[in-house]
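Chain by chain, the residues:
There are 2 protein chains.
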Amino acid sequence: MTMKKINIGILGLGTVGAAVAELIKKNSKTIAQKTGVQISLKKGCDIRKVRIPYPTTRNPYEIINDPEISVVVEAIGGVNPAKKYVLDSIRAGKHVVTTNKELMALHMEEILSTAARMGVSVLFEGAVGGGIPILSALRDNLAANKISEVYGIVNGTTNYILSKMSRKGWEFPEALKAAQKKGYAEANPKLDVEGYDASYKAVILAAVAFGAKVDWQKVYFEGISRITQEDIRYAEEIGYVIKLLAIAKKVGGQIEVRVHPTLVPKDHPLSFIPGPMNAIYVRGDAVGELMFYGQGAGGMATASAVIADILSIQKSNPEIESLEKGKLRPMEEIESRYYIRLTAPDRHGVLAGISRAFAEQKVSIAAVVQKETKGKTAAIVIIIHQAKEANLRRAVAKLKKLSVVKEVNNVIRVGL
Amino acid sequence: MTMKKINIGILGLGTVGAAVAELIKKNSKTIAQKTGVQISLKKGCDIRKVRIPYPTTRNPYEIINDPEISVVVEAIGGVNPAKKYVLDSIRAGKHVVTTNKELMALHMEEILSTAARMGVSVLFEGAVGGGIPILSALRDNLAANKISEVYGIVNGTTNYILSKMSRKGWEFPEALKAAQKKGYAEANPKLDVEGYDASYKAVILAAVAFGAKVDWQKVYFEGISRITQEDIRYAEEIGYVIKLLAIAKKVGGQIEVRVHPTLVPKDHPLSFIPGPMNAIYVRGDAVGELMFYGQGAGGMATASAVIADILSIQKSNPEIESLEKGKLRPMEEIESRYYIRLTAPDRHGVLAGISRAFAEQKVSIAAVVQKETKGKTAAIVIIIHQAKEANLRRAVAKLKKLSVVKEVNNVIRVGL
Numbered sequence: 003m004t005m006k007k008i009n010i011g012i013l014g015l016g017t018v019g020a021a022v023a024e025l026i027k028k029n030s031k032t033i034a035q036k037t038g039v040q041i042s043l044k045k046g047c048d049i050r051k052v053r054i055p056y057p058t059t060r061n062p063y064e065i066i067n068d069p070e071i072s073v074v075v076e077a078i079g080g081v082n083p084a085k086k087y088v089l090d091s092i093r094a095g096k097h098v099v100t101t102n103k104e105l106m107a108l109h110m111e112e113i114l115s116t117a118a119r120m121g122v123s124v125l126f127e128g129a130v131g132g133g134i135p136i137l138s139a140l141r142d143n144l145a146a147n148k149i150s151e152v153y154g155i156v157n158g159t160t161n162y163i164l165s166k167m168s169r170k171g172w173e174f175p176e177a178l179k180a181a182q183k184k185g186y187a188e189a190n191p192k193l194d195v196e197g198y199d200a201s202y203k204a205v206i207l208a209a210v211a212f213g214a215k216v217d218w219q220k221v222y223f224e225g226i227s228r229i230t231q232e233d234i235r236y237a238e239e240i241g242y243v244i245k246l247l248a249i250a251k252k253v254g255g256q257i258e259v260r261v262h263p264t265l266v267p268k269d270h271p272l273s274f275i276p277g278p279m280n281a282i283y284v285r286g287d288a289v290g291e292l293m294f295y296g297q298g299a300g301g302m303a304t305a306s307a308v309i310a311d312i313l314s315i316q317k318s319n320p321e322i323e324s325l326e327k328g329k330l331r332p333m334e335e336i337e338s339r340y341y342i343r344l345t346a347p348d349r350h351g352v353l354a355g356i357s358r359a360f361a362e363q364k365v366s367i368a369a370v371v372q373k374e375t376k377g378k379t380a381a382i383v384i385i386i387h388q389a390k391e392a393n394l395r396r397a398v399a400k401l402k403k404l405s406v407v408k409e410v411n412n413v414i415r416v417g418l
Numbered sequence: 003m004t005m006k007k008i009n010i011g012i013l014g015l016g017t018v019g020a021a022v023a024e025l026i027k028k029n030s031k032t033i034a035q036k037t038g039v040q041i042s043l044k045k046g047c048d049i050r051k052v053r054i055p056y057p058t059t060r061n062p063y064e065i066i067n068d069p070e071i072s073v074v075v076e077a078i079g080g081v082n083p084a085k086k087y088v089l090d091s092i093r094a095g096k097h098v099v100t101t102n103k104e105l106m107a108l109h110m111e112e113i114l115s116t117a118a119r120m121g122v123s124v125l126f127e128g129a130v131g132g133g134i135p136i137l138s139a140l141r142d143n144l145a146a147n148k149i150s151e152v153y154g155i156v157n158g159t160t161n162y163i164l165s166k167m168s169r170k171g172w173e174f175p176e177a178l179k180a181a182q183k184k185g186y187a188e189a190n191p192k193l194d195v196e197g198y199d200a201s202y203k204a205v206i207l208a209a210v211a212f213g214a215k216v217d218w219q220k221v222y223f224e225g226i227s228r229i230t231q232e233d234i235r236y237a238e239e240i241g242y243v244i245k246l247l248a249i250a251k252k253v254g255g256q257i258e259v260r261v262h263p264t265l266v267p268k269d270h271p272l273s274f275i276p277g278p279m280n281a282i283y284v285r286g287d288a289v290g291e292l293m294f295y296g297q298g299a300g301g302m303a304t305a306s307a308v309i310a311d312i313l314s315i316q317k318s319n320p321e322i323e324s325l326e327k328g329k330l331r332p333m334e335e336i337e338s339r340y341y342i343r344l345t346a347p348d349r350h351g352v353l354a355g356i357s358r359a360f361a362e363q364k365v366s367i368a369a370v371v372q373k374e375t376k377g378k379t380a381a382i383v384i385i386i387h388q389a390k391e392a393n394l395r396r397a398v399a400k401l402k403k404l405s406v407v408k409e410v411n412n413v414i415r416v417g418l
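Chains as they are written, first to last, in the working numbering: chain W, 3 to 418; chain V, 3 to 418.
Any given hint could be a false lead.
Where chains are identical, the list cannot tell them apart; a pair therefore holds if satisfied intra-copy or between any two copies.
[As the list claims (entries may be wrong)] The calculated lysine-lysine pairs, modelled on DSSO-like cross-linking and capped at a C-alpha distance of 27 Å, are:
#1 K268 x K166
#2 K170 x K268
#3 K86 x K51
#4 K28 x K215
#5 K327 x K28
#6 K251 x K31
#7 K215 x K6
#8 K28 x K251
#9 K6 x K148
#10 K184 x K170
#11 K148 x K28
#12 K28 x K51
#13 K327 x K6
#14 K390 x K364
#15 K268 x K252
#16 K251 x K364
#17 K51 x K27
#18 K44 x K148
#19 K148 x K31
#20 K7 x K27
Please keep in mind that the hints were generated in silico from the structure rather than gathered at the bench.
For reference, chain W alone in the conformation it holds in the complex (with noise of 0.2 Å):
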């Protein structure tokens, strides 16, 4: 077999750069083997000193310019200066490959293109799920689907916070600690918990899925912060688990991206996702339903979806990296289940003008479980059937104002 040779470079050496480069050490006689295809380090690049077995620079630009580099792998995460040295190594004509998925979410468009005047590709298998082929096979395996929805955990982080609360009894702020020190949060664990880094997944999933380029900026996103013990004991009583959720779906004309915390039924696969693993389900018309799960993060499973798309880049289609504009559907407009919690004094008429809060609004209540009374005061938890978000939120605008409503605690979407 006639083996053919690829030069790469590496921006950023960090977990996943580094990674990189000690799997082409490990395993480039095997990739050899099985496809053909010799691939070959030429440089690193990192501003601090970091060892690896390859030649190392602290300017990007040796290897951007390098004429005997073919793919620039850029693993320095965040907007700048990455976005630059991707646009410049595009512009100079590389192919890139990416892990990163705030630059993406963000610049997809403008990367996509510049790369489609060029005739490069940009392949970032590794920003979404790790090293799970999620965006592989929404582009490849399932191009004979009209894809409906994906949707699922991807954010290891907030998995393991929730398992956690879930199985050990701990509150957010103790099972937080605790994935710190597993080194799955980081010290500002911000961009996790709250939301970021699973909505900038969503709008990668969208974007791929449903060839629709989606405003990060009009995003619902919400983290998990807010979750409590008792919102995990109470949707336990009733069947569910709480998981962060990023969900993009078609629903008409209109594309539907967010993310938030769900009450998924406790028989659905999805509820038994444990610690940092991450599960996407994918439902295509052809297909039906297929669910992909592995670890979501760390160095090796990335850099296992960066190779796969250096090898792949030989056979894309930069021609076909177009997105359309995404008719994004307005928050207000998603229909769901909701799981409300609240307190409210321990009398008679409470129930009633609760009721009568949701029913002006159009909205049906499935059930109320009252929970046990602390002092004068009683917890009241409400599932609400499918409803307009924009209802629900005005009920509940008006449920605050009620004098026998003391406090609305939380407020949860119920899921699948």
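For this one, chain W is given, so just place chain V on it according to the hints.
For chain V alone, kept in the frame of chain W given last:
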């Protein structure tokens, strides 16, 4: 974008072949938009009269020898006459996409080497796991990995039957009837329930995961017809669910390929796989553990895989399709834990005799549970620690000869 056109023909217009035609009719515009490839079905062939919205013929050579057709889809099933048509298509310079698991399991090497000589591709994603892109994942997305194992539920019929036995308390014949009523099992269910179907898929998974030629004749496989409600219940009591697993592993320089009922721990995701669904695990040294879940059969799901294969043909590299002779590990040498159910007279001395039979073979007992006594006999369930299959078999042979053992009712491997 420049549109590329691929003319195809379909041999066999049963469930899958007709679904491919239907899916092309339904989604060819979507496919062209997404991929820039226009798939055009020129002709379908079946010996029966089948109505599809495209021209048909009863003569396969009108397709095989048509110079305008570049891809032949083989959806006849079985070895004869499918093998002849596939080889003749290859010799006529056509690429072939097949969903024929028996053909590929038994004759992969001859087919792939003929294809390599002719410089054409043979792809067979639809042969394993319906629309689940497992072969493509093993081949492309996980190319950077040394794969160490692939295992899972690859036969929906038996999974449906076992699920019903487990959830409804039915015995095997009753559950089989239900599967036949649902259309999940054929009138002659032997291929499914005796493990043939799963064994073909295990051989294909091993070939693609390890690049290994596996002699199907030497593969150990066992179906589910001997599983009784008692086994299901006792397994449940000690925390397990019985599933039919196909297993392909690399152990040292050898390859293990086997299919048999397995006790799966209740907290393992495979234990939750419901009804006729499939779920396949892969372990790679970089990516860790991945799981793929979906409909393992059905016309449209399989057609989704067929069309993905057609689309990827232009990208595939026939040179790499060569297999090395895999050194198959003899079943006697595998190691496993075991569940053994036996019937014995309800008197002293029974356990001593049984224990001795195991001890003589250096097989160590993890747990013994004596179940309710019926008349003068007791049901005894024994769990064996990790042991070599050969030793276990000798111990069981010895057990059968003991006067204190009335019958060895079942031996099931305990897995994962």
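**Request:** Hints the structure violates: just list their numbers, smallest first.
**Result:** none
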